[in-house]
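Asks: Here is what each chain is made of, one letter per residue.
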Amino acid sequence: MNERIQEILSWYHGENPGVLTNLTRLLNHGELAGTGKLVIYPVDQGFEHGPARSFAPNPLAYDPHFHFEFPIESGCNAYAAPLGFLEAGAADFAGQIPLILKLNNHDVLQDEKDPLGAQTATVKDALRLGCVGIGYTIYPGTAERRVQYEQLRELIREAKAAGLAVVVWSYPRGSSLSKEGETALDVTAYAAHIAAELGAHIVKVKLPSAHLEQTEAKKVYEKYEIPRETLADRVRHVVQSTFNGRRIVIFSGGAKRDDDQAILDEARAIRDGGGSGSIIGRNIFQRDKATALRLLDGMMKIYKGETK
Amino acid sequence: MNERIQEILSWYHGENPGVLTNLTRLLNHGELAGTGKLVIYPVDQGFEHGPARSFAPNPLAYDPHFHFEFPIESGCNAYAAPLGFLEAGAADFAGQIPLILKLNNHDVLQDEKDPLGAQTATVKDALRLGCVGIGYTIYPGTAERRVQYEQLRELIREAKAAGLAVVVWSYPRGSSLSKEGETALDVTAYAAHIAAELGAHIVKVKLPSAHLEQTEAKKVYEKYEIPRETLADRVRHVVQSTFNGRRIVIFSGGAKRDDDQAILDEARAIRDGGGSGSIIGRNIFQRDKATALRLLDGMMKIYKGETK
Amino acid sequence: MNERIQEILSWYHGENPGVLTNLTRLLNHGELAGTGKLVIYPVDQGFEHGPARSFAPNPLAYDPHFHFEFPIESGCNAYAAPLGFLEAGAADFAGQIPLILKLNNHDVLQDEKDPLGAQTATVKDALRLGCVGIGYTIYPGTAERRVQYEQLRELIREAKAAGLAVVVWSYPRGSSLSKEGETALDVTAYAAHIAAELGAHIVKVKLPSAHLEQTEAKKVYEKYEIPRETLADRVRHVVQSTFNGRRIVIFSGGAKRDDDQAILDEARAIRDGGGSGSIIGRNIFQRDKATALRLLDGMMKIYKGETK
Amino acid sequence: MNERIQEILSWYHGENPGVLTNLTRLLNHGELAGTGKLVIYPVDQGFEHGPARSFAPNPLAYDPHFHFEFPIESGCNAYAAPLGFLEAGAADFAGQIPLILKLNNHDVLQDEKDPLGAQTATVKDALRLGCVGIGYTIYPGTAERRVQYEQLRELIREAKAAGLAVVVWSYPRGSSLSKEGETALDVTAYAAHIAAELGAHIVKVKLPSAHLEQTEAKKVYEKYEIPRETLADRVRHVVQSTFNGRRIVIFSGGAKRDDDQAILDEARAIRDGGGSGSIIGRNIFQRDKATALRLLDGMMKIYKGETK
Amino acid sequence: MNERIQEILSWYHGENPGVLTNLTRLLNHGELAGTGKLVIYPVDQGFEHGPARSFAPNPLAYDPHFHFEFPIESGCNAYAAPLGFLEAGAADFAGQIPLILKLNNHDVLQDEKDPLGAQTATVKDALRLGCVGIGYTIYPGTAERRVQYEQLRELIREAKAAGLAVVVWSYPRGSSLSKEGETALDVTAYAAHIAAELGAHIVKVKLPSAHLEQTEAKKVYEKYEIPRETLADRVRHVVQSTFNGRRIVIFSGGAKRDDDQAILDEARAIRDGGGSGSIIGRNIFQRDKATALRLLDGMMKIYKGETK
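Residue numbers (my numbering), protein chains in the order written: chain Z, 401 to 708; chain D, 401 to 708; chain P, 401 to 708; chain G, 401 to 708; chain S, 401 to 708.
These are computed hints drawn from the structure, not numbers from a lab. Only a predicted model underlies this, so the values are computations on that prediction, with no experimental measurement involved.
For identical chains, the list gives no copy identity; a pair is met inside one copy or between any two copies.
With a straight-line Cα cutoff of 27 Å, these simulated DSSO-like cross-link-like pairs (lysine-lysine) come out:
#, residue 1, residue 2
1, Lys689, Lys623
2, Lys623, Lys656
3, Lys656, Lys618
4, Lys689, Lys704
Excised from the complex, chain Z in its bound form (with noise of 0.2 Å):
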């Protein structure tokens, strides 16, 4: 193994082998095998934002095959997905992907400011599926949160002795926060901590804005002048925020945008702010698929180094 991947195997040196092993599966697998850097590949979107929104615009994307085969062909490091879209295929294409069980999922048939999401899948059902690991979604900043944080405790226990690598979505909603606090600085930043104080091995947030949330976060920031011009500085400072680079923090860049090029920067920005990578769903599979491929192989030059 590359010393960058046993450095990174050293943050997480009280963990067991099963998990460790988990670790280097995502982080051995794929384009930016061995690079320390993941691009990983996730649809959830049927579920969170209907069938309809998530694959019209590219219809190969209603079947679950589709996005087996896709991450395979790609060479993201894993794909991640709700039980049924696993299910559906994990039997199929046994062993050619990291596959990643988001055990909770949301809908929005019903209008809540404080939404919480439900557990619909489990730690037992990603072992049955060969996964790697499992992903949690977590509101920080919703009323019930703590219904949440103590579902996740008890799956991330239940996840480490079984030895699975476990990636936490942190993405702040809630009564308390305004629209643009959701993705403010202090609060993404804030996100990123809890993940990680809550056990997480990889943290997942969005691309923060240099908005500030909250009064008191905000004199902080000011009085310490903490860098928040470019993205850069952000990606820097919530990885920082994020037990100082001790833990693997990904970023997705949320919905789907025509502007290669702008997602191509925001790479750059999470490579030179010290991220582990992207998270990336809509905005490849909504893609064309000759397109997509050109697009993500742009990302992995990026994370590769090969591309300033």
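With chain Z's structure known, arrange chains D, P, G and S on it following the hints.
Replies: Frame of chain Z; chains D, P, G and S shown alone:
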């Protein structure tokens, strides 16, 4: 086993042999055995609407034995009912018809905008009664759907481990949906997708209207010109939204109507749109037996392709 | 065993021998042994209404031993009470009368539109006290009935596995029902059906009035001209609604009345309508003993068919 | 064992030898050993009202050891307290005084109309601390009493299986009761009856006033002219309401009063009304030790019948 | 073992040898080993207030390893933190400093009058990380404190059975308390007493002000002239309220202040009032290292009695 059944079983490749066995029992029983199509006979209306509203039109239907005899005689694939109705005949008719135990039910003695229902039986009950599967109703869109999704998650886990098939009734409801929205195309497709993501083997939804309920979804349907004019179009979209045809999707027709022709037309649309069949209760047991048998025979001919 | 009892046991064909044994113990005890009719003596009013309201009319009734002695002496089929009352005599009168442990109870010290009650004893308690069965009260129509249905589901599962009979008191209540509606014919028949669907062996409801409460149901009763003029008509409809007579249905008369003749007339209506008997408490223990014994004797003669 | 104790044990005929042994330990300890009367010393006021309000009048009482020494020296039947106070001395004074572990407690740092309290210790704690029994407080009349009744049900089940005696403090509270109603005769008798129905071996209530709170109950008390003029009358009615004297019923006097004579008069009324004794805390430990010992000695003489 | 430590252990006479061993490890580690005094270093502010507010003043503190190195180097008795921070170094620094795992945490991303927090780790986690004890924060006075008390009850039971020490942070909060009331003397003493009654070995409260919050308590403090003028007086009252000195009580100073002298004066007051020491986080890690070490050294000299 014929090729069509083998193809259907291939969709459930990752399941254990027990599940595959029970799916085969469902698919290879009755008039439609081996066609890959299903007509399931459900009787939960006594609980859901009250006994007189359900059975007064045909008082033979007050008797739980009637509901075993009827699907046996008419060659349905399975009979689905709550605990009490199955207990009242499962020993008397043991082995004569595949049984599905409805694990949750809801009554209408309380006015509710966000109904929840109660889990009224268990997987262990299904096993002791000799069932091939369990049924569960979710109400996507209700405020408390989390409770249902998590209850279903545990039941699915337990059922699959015990080799049982899982049928999920997915009925959008709740305070954020208009009455029309409950059967809107976007909402129905979303509900079917959620059921599949939760791990259902067989998804059961209502036949959708051409109405679109959710603003964000509507934009997508219009932008991508998803066909929704004919009922067959809409069935096709729902089937596509349910893992692109890799799950069995069946449709219910709703309240009793006198017009046999309309019901047969619906069966044609289900067939032509690629649906796997019908679940039909009130339109059968509220008719006199001869008429009901004739109607069922007509539907089965359509599903077998003997009628255009 | 005589034919009538064998016929009744045939309704419960699927149950294990333990359940069949305890149903037989109930049916073959006391004055009505072997008739297929039951008079059950319940004393939960101390908990439900308070001790003075229950026992001041006959202070002997404050004593839990009185409530064992009375049904033994008068030849009732069983005695049903909450934990404390049974514990206070179950050893002293062991084996002398079939006992039913009421597993939930509700007091009236809090004004509530949607009462819920509490589970105050367990199936294990019923076993250690030598009971033949458990009793549980549901309030169909209350906002929180889900809690009751699910609690009952677990108790039924455990009781049946332990070979105990299950008696469900089904009393419609809740904020969506009018006071008159709680004993309306449609609502009573619905409540009885629900209890049977939940798995009750014996269903206990109040004698219904001719009132119809629910709009949709009313249309059906009127359209199909379901007879409801006489009390016997209404009993017959409730029995029909409870699996068409394949379940034991017994009726309570409610608050104490001085008119013995009215109570005997009710017993006649229950008998003539095909009901399986009575559950009678306050109208017995609030009378002086001689009068109460005479009244019970009159009822039993009616059920035995010795009186017209 | 003397006849009186054997008679009391006969009330609990159905209990296992472990329970009978611990009831005997309670009844045969201290000054009142063998009389069938009990004086129990409880110290939960630190938790229930705060330390200074409880112990500032006699600062020795801040020390948990004081509360072991005092009932040992004065010959009380038992000492009852929450987990912490017992843990702080149970090893030091092992075997010197029967202990009762209070399993739930409530603080007054939040204004509440329907208090609930929390279960702060377990039956297993009672066993490891060498206790003869458990104590639990219910608030009949509160909106959430269901939670308490069900928690108590499980604790009683577990305690009885472990051979422990069960003491239930029954204090009517809640938004439907007036302040005066909390100690009304009808409500107190009802609360005592509920505690006994839930399975308590020993019921503890406050001394009732002559007030009648509930309309329906009031009619009955007046119609049947239930005596309630003297305190002894009211004690007698409560004892009658608690299984007609087949359960041990003890009474508390409430807040500290300076008038020793009034407290002794209450003991006389408890004795003359057939009560089994007193539970007395603040009126003891808030006095200086010499006065407190003299008062206790006076009470015990009354219970032993040495004083009129 | 010296006499002072033996005396302290005698307070916990009833505990098992595992608990006594871990209490000894705490008391016999670092600069204050053997003195009976403790300085514990806690770092949960990242979770409780956010990373930037906590660590921006001293960016080294973003790194979880810093928080192991610092208390090792400065000779604190123990280091306390949430799951993630301990996992990030427990293997690297195994055996070098006693660890306390904070089992619950609360973030400030939602405005709440009655905060609750979430249990974010378990006793099993504490064991696998080699901890000597667990920490848990209660908020006496909040509406939902029942949830916390019962969660803590189970954790204490499990921790003690596993031989772990239990530290309870007791911070009065909630909608019935004024802001000033949260550190009022009466409320602080009450909160400390509750923590001890719940079974804490070590109680941690904030230094109280002279304010009195609750009307009934105020009367008692004034009537009995409980001294509260000096900080030492108030510490003495809190220690007295916590089982009269039979429990270890430590105090926190709260937010960072620049004035070292004030912090040292507080340590003197804690010592002179009979407190067992300090828990000090932000006032240490938000200083530069040299200053922080000097301040800690000053505090320890005070606790050792080397400074007046």
